[in-house]
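Please build the complex by placing chain B on the supplied structure of chain A, with the hints as guidance.
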Amino acid sequence: MNMKTLKKLIQLLSLGGLLVALPACTHLEKVNVKPTPLAAGTKLPARAALVLDDAFTKHQFETKAMGDKWIFPFGPALEEYAKNVSAHCFAKVTTYPSPGAAAGQDVDIILHPKALKTEQAMGVMAWSDRKFVLQVEWVARDRANKNTVWLQGITGEGVNQAGNMFTGKRNQDILFQRLFDDLSRKTVEAIQNSPELRSVATARETPQPAANHRPAGQSDDSGNLSAILAADRTFPAAVAELGRDRSTRQQHEPP
Amino acid sequence: MKTPPFTIFLRKLAPVALAFLFTGCGTLKIPQYAGNQEALATAQTLQAEDLRVTVDPFLEKARVREYFKQAPLEGGVVIFHLQARNDNPLHSFHVQKQNFRLVLPQGNELGAAGRIDTGTAAGEASVLVGASLGSVVGMFAGAKVLSDEMFVRKNLVDKEMPDQTLSPGRSMEGFVYYELPGKKPVVDGATLIFVAENAATHQKVEIRFPIRDPNLPK
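Quick note, the sequences are listed as chains A and B, same order. Numbering-wise, the first sequence is residues 1 to 255 according to my numbering. Numbering-wise, the second sequence is residues 1 to 218 according to my numbering.
So here's chain A without its partners, still in its complex pose:
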């Protein structure tokens, strides 16, 4: 082995050693998404409590390949998406950090979106499609946060060319915008087409009997109004109504 070959071998070995010694990199990607413009539609006349917990607002997708790690922080974009969609579909929306904080508030329904799964797939070439899917589940519960009124899993998809070292970042921005546009439109469609959510809104629209008034009568002419009133009102109001009802009945009862 001559000197030249030995020198080349040493160079190659040191280059290999350097590559091996290099630590695995973590790439923090940016998720730049604008709120999706949504087609004008009728809002459900209900007051919603939107729960945006840490699991949702800090959701991130991590993927590893060849020792490197890529992190996609979807949380802030998801938060904006949830606010945009719920404000578009409900008459009034108030946000809360947890289901517990939202329970018992002066609302008609509690909306709790959850980020379930994220996956990406891409081809080998710069012109190959790159795809992202994001699965979100919306759960609507009653104002006490006890019973589920409605739930729906929604999968949004964004597709764009992967791009090269010059176009890759821009293409990724377009891809994420398409992903959230798809997710937003599917979510609005699901909420607006839900008979369960419509019935909550309808129940709110239907005028409730006031605490100091009695309804005209029962549809079955039973005349037993006190039990229904007591069930629908707060406890002191119901007690007061029962007292009035009893005294009224006593006055009208035949001897």
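None of these hints come from the bench; they were simulated from the model. Take these hints with a grain of salt, some might be off.
[What the hints assert, rightly or not] So, partial list: chain A residues that the calculated Cβ filter (under 7 Å) puts toward chain B:
no., residue
1, Leu28
2, Val31
3, Asn32
4, Gly75
5, Glu79
6, Ala115
7, Lys117
8, Glu119
9, Ala121
10, Val124
11, Glu137
12, Thr148
13, Trp150
14, Gln152
15, Gly153
16, Glu196
Beta carbons: idealized from backbone N, C-alpha and C, even for Gly.
Below, chain B without anything else, positioned relative to chain A:
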């Protein structure tokens, strides 16, 4: 005689062209499942409280390879296609995968799998082998394997049945996955328990599907 530069260029290009020919430069194409039309004799339909449910176990290797491009069962994942229709005119039902259970013949119960990790080991290994040999073709082929693995994982999410409230007159469909213990899991004799919750009464509706493996002799 000196070789013309264009010939040298073509010779260098040849392995890359070969790589294209062998691996294809496109992304992996996985067809959508057409549903009931392709359901085999293994599919069963049962009904409770006007909730009509069809379960089709994907236990035939050919179908699994066609719609999932891998043999998940060999890797310990069993796949079921579910269709549900709510014929109840009054009540809605909450259908959530977490409530379904697969009772194995050995008696242990499994819940629906969350994220199925199909791994990237094969793709990464191919890329590394290609790189270590200094072969562009090897690296390209490895990257293609890695890409295919990503599409297989994404396909699992795409086809998964979403949790939802099934309103009167509506239907839903999708796949449910179970990760089985052991290397050669047995599902013949297992029972898939479909559970839905009546949205008004909050009572559970339970339908039991006995599973038979069509690959086994009758």
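Status of each hint after checking the structure:
1. Checking A/Leu28 against chain B: minimum C-beta separation of about 20 Å lies over 7 Å; hint violated.
2. Annotation: A/Val31 was flagged as interfacial toward chain B, and the flag is violated, the nearest CB pair being 18 Å apart, outside 7 Å.
3. Proximity of A/Asn32 to chain B is violated relative to the hint, the smallest CB-CB distance being about 22 Å (cut-off 7 Å).
4. Taking 7 Å as the C-beta contact cut-off toward chain B, the hint placing A/Gly75 at the interface is violated, the least distance being around 18 Å.
5. For A/Glu79, the suggested interface contact is broken, since its CB lies about 22 Å from the closest CB of chain B, more than 7 Å.
6. For A/Ala115, the shortest C-beta to C-beta distance to chain B is roughly 12 Å, which exceeds 7 Å, and the interface hint is violated.
7. Because the beta carbon of A/Lys117 sits about 5 Å from the nearest beta carbon in chain B, less than 7 Å, this interface hint is met.
8. Given the 7 Å rule on beta carbons, the hint for A/Glu119 holds: about 4 Å separates it from the nearest Cβ of chain B.
9. The beta carbon of A/Ala121 comes within 4 Å of a beta carbon in chain B, closer than 7 Å, and the hint placing it at the interface holds.
10. The criterion of a C-beta within 7 Å of any C-beta in chain B is met by A/Val124, whose closest approach is roughly 5 Å, and the hint holds.
11. Taking 7 Å as the C-beta cut-off, the interface hint given for A/Glu137 holds, the closest approach to chain B being about 6 Å.
12. The interface hint given for A/Thr148 is met, as the beta carbon of that residue sits about 6 Å from the closest beta carbon of chain B, less than 7 Å.
13. The restraint placing A/Trp150 at the interface with chain B holds, with a minimum CB-CB distance near 5 Å, inside the 7 Å limit.
14. Checking A/Gln152 against chain B: minimum C-beta separation of about 5 Å stays under 7 Å; hint holds.
15. Given hint, A/Gly153 at the interface with chain B, holds; its Cβ is 3 Å from that chain's nearest Cβ, closer than 7 Å.
16. Below 7 Å, beta-carbon pairs count as interface contacts, and A/Glu196 has one with chain B at about 6 Å; its hint therefore holds.
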